[in-house]
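All chains should be modelled from the sequences, with the hints used to inform the complete structure.
Residues per chain, in single letters:
Protein chains: 2
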Amino acid sequence: MVLCHVPRWSVRLWACPGWWRPTSTLRALVRPRGPGCPGGASGPLACRMFSKVSSCPPEVMLTQERYPVQRLPFSVVSEEDLAAFEHMVPGRVVTDPEELEVSNVDWLRTARGCSKVLLRPRTSEEVSRILRYCHERNLAVTPQGGNTGLVGGSVPVFDEIILSTALMNQVTSFNSVSGILTCQAGCVLEGLSRYVQEQDFVMPLDLGAKGSCHIGGNVATNAGGLRFLRYGSLRGTVLGLEVVLADGTVLDCLTSLRKDNTGYDLKQLFIGSEGTLGVITAVSILCPPRPKAVNVAFLGCPGFAEVLQTFSTCRGMLGEVLSAFEFMDAECMQLVQQHLHLASPVQESAFYLLVETSGSSTGHDAEKLGCFLEQVLGSGLVTDGTVATDESKAQVDARARLVMPEQRVPVPACSRMFQGWRAWSRGALWALRERITEALSRDGYVYKYDVSLPVERLYDLVPDLRARLGSQARHVVGYGHLGDGNLHLNVTVDAFSTALLDTLEPYVYAWTAGQRGSISAEHGLGFRKRDALGYSKPPHAVQLMQQLKALLDPKGILNPYKMLPTQA
Amino acid sequence: MVLCHVPRWSVRLWACPGWWRPTSTLRALVRPRGPGCPGGASGPLACRMFSKVSSCPPEVMLTQERYPVQRLPFSVVSEEDLAAFEHMVPGRVVTDPEELEVSNVDWLRTARGCSKVLLRPRTSEEVSRILRYCHERNLAVTPQGGNTGLVGGSVPVFDEIILSTALMNQVTSFNSVSGILTCQAGCVLEGLSRYVQEQDFVMPLDLGAKGSCHIGGNVATNAGGLRFLRYGSLRGTVLGLEVVLADGTVLDCLTSLRKDNTGYDLKQLFIGSEGTLGVITAVSILCPPRPKAVNVAFLGCPGFAEVLQTFSTCRGMLGEVLSAFEFMDAECMQLVQQHLHLASPVQESAFYLLVETSGSSTGHDAEKLGCFLEQVLGSGLVTDGTVATDESKAQVDARARLVMPEQRVPVPACSRMFQGWRAWSRGALWALRERITEALSRDGYVYKYDVSLPVERLYDLVPDLRARLGSQARHVVGYGHLGDGNLHLNVTVDAFSTALLDTLEPYVYAWTAGQRGSISAEHGLGFRKRDALGYSKPPHAVQLMQQLKALLDPKGILNPYKMLPTQA
Chain A
8 MVLCHVPRWS VRLWACPGWW RPTSTLRALV RPRGPGCPGG ASGPLACRMF
58 SKVSSCPPEV MLTQERYPVQ RLPFSVVSEE DLAAFEHMVP GRVVTDPEEL
108 EVSNVDWLRT ARGCSKVLLR PRTSEEVSRI LRYCHERNLA VTPQGGNTGL
158 VGGSVPVFDE IILSTALMNQ VTSFNSVSGI LTCQAGCVLE GLSRYVQEQD
208 FVMPLDLGAK GSCHIGGNVA TNAGGLRFLR YGSLRGTVLG LEVVLADGTV
258 LDCLTSLRKD NTGYDLKQLF IGSEGTLGVI TAVSILCPPR PKAVNVAFLG
308 CPGFAEVLQT FSTCRGMLGE VLSAFEFMDA ECMQLVQQHL HLASPVQESA
358 FYLLVETSGS STGHDAEKLG CFLEQVLGSG LVTDGTVATD ESKAQVDARA
408 RLVMPEQRVP VPACSRMFQG WRAWSRGALW ALRERITEAL SRDGYVYKYD
458 VSLPVERLYD LVPDLRARLG SQARHVVGYG HLGDGNLHLN VTVDAFSTAL
508 LDTLEPYVYA WTAGQRGSIS AEHGLGFRKR DALGYSKPPH AVQLMQQLKA
558 LLDPKGILNP YKMLPTQA
Chain B
8 MVLCHVPRWS VRLWACPGWW RPTSTLRALV RPRGPGCPGG ASGPLACRMF
58 SKVSSCPPEV MLTQERYPVQ RLPFSVVSEE DLAAFEHMVP GRVVTDPEEL
108 EVSNVDWLRT ARGCSKVLLR PRTSEEVSRI LRYCHERNLA VTPQGGNTGL
158 VGGSVPVFDE IILSTALMNQ VTSFNSVSGI LTCQAGCVLE GLSRYVQEQD
208 FVMPLDLGAK GSCHIGGNVA TNAGGLRFLR YGSLRGTVLG LEVVLADGTV
258 LDCLTSLRKD NTGYDLKQLF IGSEGTLGVI TAVSILCPPR PKAVNVAFLG
308 CPGFAEVLQT FSTCRGMLGE VLSAFEFMDA ECMQLVQQHL HLASPVQESA
358 FYLLVETSGS STGHDAEKLG CFLEQVLGSG LVTDGTVATD ESKAQVDARA
408 RLVMPEQRVP VPACSRMFQG WRAWSRGALW ALRERITEAL SRDGYVYKYD
458 VSLPVERLYD LVPDLRARLG SQARHVVGYG HLGDGNLHLN VTVDAFSTAL
508 LDTLEPYVYA WTAGQRGSIS AEHGLGFRKR DALGYSKPPH AVQLMQQLKA
558 LLDPKGILNP YKMLPTQA
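Chains as they are written, first to last, in our numbering: chain A, 8 to 575; chain B, 8 to 575.
None of these hints come from the bench; they were simulated from the model.
Mixed in with the good hints, there may be bad ones.
[Unchecked claim] Below, simulated BS3-like cross-link-like pairs (lysine-lysine); rule was C-alpha separation at most 30 Å, straight line:
#1 B:Lys299 with A:Lys556
#2 A:Lys556 with B:Lys562
#3 A:Lys455 with A:Lys556
#4 A:Lys562 with B:Lys556
Structure (structure tokens):
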């Protein structure tokens, strides 16, 4: 028996008193899961309940109970199938219900499948053998990386086999001249980040879930994240992929070339296809050189108009060293303070900005940042701020002296910018932005939206929704990647309610469509948003997507019920 | 009757004494073009010959005569078809053979079709009507932009209808905050470049053919070019496309969002598909802010090992302001000197480098470049060099004084870098690199290869091929985008010879495949390289490409004989 992979985020949540966690003491409480869960309570593969260890959130409902969804006529995993899998990946067939629970429930704890078996291949050949078998047997498969997705895309809806990439975690090669990394799909992003940093490069993407998410999952969901503004989309930085198709064919597009115009760029089909067209087993990705100087400024703004003006000023003055421009509203700050006990480094404001520079010259970058800050503080666009330049091991670095908040210099002279204005580490400033998701999860059930909008209308939906929901919501918050036109809109409530869902959807999608926005900027559609696809894509496009799915996965065994709308 | 679009490059070539040009005085010399040219010499759509105006290169052979290729069973354009087209695009149906000649022959003058009709739609609705009709009638269509392609992809092979985007040249919108440009496919790149520069942005791509090439063609061929190193692939910068499918369906993926993860990213199918899956009619593209400071250095290097070391040093010291790192060998310089009478700004060297910086601070960039130059000149990696900082209207700018070559300061002090070391405009330095293609074309018939290789092996193929060809070739030259691992390998000879072609191919492709390189880095496969696809892509991938083609264009009417290998 092997240990089941537990995402770091999950551990973090479960470690919090008042949360649900699996237990082996309550195995007797197994109950049938309805027609969608063949095998039922009596079989060896029965779904088991979680035990409630305190008065916190309720048990996660089965997806098939919460949402109107019908199981498709896939085969049911039999004892013969398990034996066949054991032959393919000996010792790496997980059937223990307790271990399976971690992979059946998504990180947000709002979607829950009842898979009876999880497979842990180590090689693409093993993945190929598994899929060839499943294809022949008409068994449905859910590929799973770090299970950190936010739209229910990485967990089964019914009893799909979970195909975990957790043991496919080897770096194949790294070219320290070109910065091209080739690795298996199950490498954890943070591990890769550390690995390439040791060789003076950085990964071109970074996101809050980095400690758990797999690079294969990042690519499969076309993850955006915190470095998108600087290094662009994975569609540009991913150079090659190895993918196993639904019938077990291994498609080798694992080149490591910056330019390759030979035929259709097949890897693009799989980037962002959420495991519905093939299972990504290896990735080749271009890593930019590690910046020699990184500065982070955390600023307070009196209104959203000032946020937008600060962004324009920032782009003009920081130019090529600007690497992040994130924003969060006052309610976000309240939640991270309340649930995570993080302190705000600046005085209370309507909006907060995190501006990061990454460059090759400490002096030049500091001068650029200093001039920018002088400009925005002097003009009143920004009312308060703090900066950090070094890594987060300590709260201060050798060149900075610890200063109390009251010692902050609000309007430093351009040339004397870094003389006495640093009290926070970069990590501490970034934590305020990166841990908002965690704070929201601790606030209650979260309805999450992730939309792209024209930047000038980016925040309008938040007050609109506050007015619409009134006291039905605990909090309606907005934050995100302003530089990319990407708003994360979140609504927290005591518990899931279909009535509130009906108030939110399709309202949020229609509002977004009215601005020609995207109803999923970077999270994907997964299970929860698949039927909203039509708000961002015209019927001809949806039809072509369905044709592509039929071409590549004619039996529909790969991550069913995800991404594409329910067909009539 | 409308004027046929003449690419600027073509005009340039034809203006050169000794080149072939069309004439109306020799129309009597019309001769039958064989079975692939239905209608023959006697019909109103007959192909006509070019007249030889001097003793220079021979007439362009028909592609069907030069290469072993069989016409597929498409219908032949009838008088009824012409009447139908006249109804769809009144006054924009070109049938005059002389005008058609320009669009039947490719820019390199090595491929020649015998199309009898060229259509010039103005809107995507017109394109849709044309394609719906052609699809029903089983008429083959070659989409054509600026006809600047280098692999015979933009001209008909037989009598395919030419669908020109030349009149689809309107800018739809430009957002001066986000830098997002939306325009029709037929906009000329240079025109767009000027347009966005007036609003303080730049196009994310630039290439030698900018004066003629259309943005739709750039996207359809996934053009790389001179800014790839800085702004990356069109796969990242193109935000949306409108495409008309083979059956006339208008596929609207013309969003203007930086992030959009709703369903499969269909536009990626059409980027780089060379007009074989659909006709791109509109493009939405992200333009970066215009750099405030641009510097160009032109350097001489004693060997390729020094070129590589200079690149490493450059990337480390110039960091985020590095925007181009191009190289050319000594034979390239000889050819631009001989055929274009351009002077070298530096002493004779084995290799020449063009290094460009683009940044937001004149002072910072100059200091970075100065320190880099001091380093590489001081260490002997570079033996001579010159720099330019301003636009090419004049040879000198207000801040620089004209200096004679002997006044160049070979090793300037870092801080005094720009005190007396500028004699060349940026345009003049760039011309040395950008006009190599033109110089090669004036040298004779050119066998062109465009390969991606591991950067440390980038130049090895050139001396290898020189030894292999010996006196069979006039010149074997290598140049290209070193920063992208992209070598342009060119062989000039007196005239095309099948024997030499057999010596070159598949040798060059096999050599490249041996390094796991790409046999087409940025030019595409077009007509000439389609059968070499297997050197860079495995059989499963080629098979999937053929399935995609069959899905999107079941009758195969879109740009037939291009990109995909001849099927048995």
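Comparing the hints with the structure gives:
1. At roughly 46 Å between alpha-carbon atoms, lysine 299 of chain B and lysine 556 of chain A are farther apart than 30 Å, so this suggested pair is violated.
2. Note on lysine 556 of chain A and lysine 562 of chain B: the hinted pairing holds, with a Cα-Cα distance of about 21 Å set against a maximum of 30 Å.
3. For the hint pairing lysine 455 of chain A with lysine 556 of chain A, the CA-to-CA distance comes to about 27 Å; that is within 30 Å, so the pair holds.
4. Our distance criterion of 30 Å between C-alpha atoms is met by lysine 562 of chain A and lysine 556 of chain B, whose separation comes to about 21 Å.
The structure fails hint 1 only (numbered hints given earlier).
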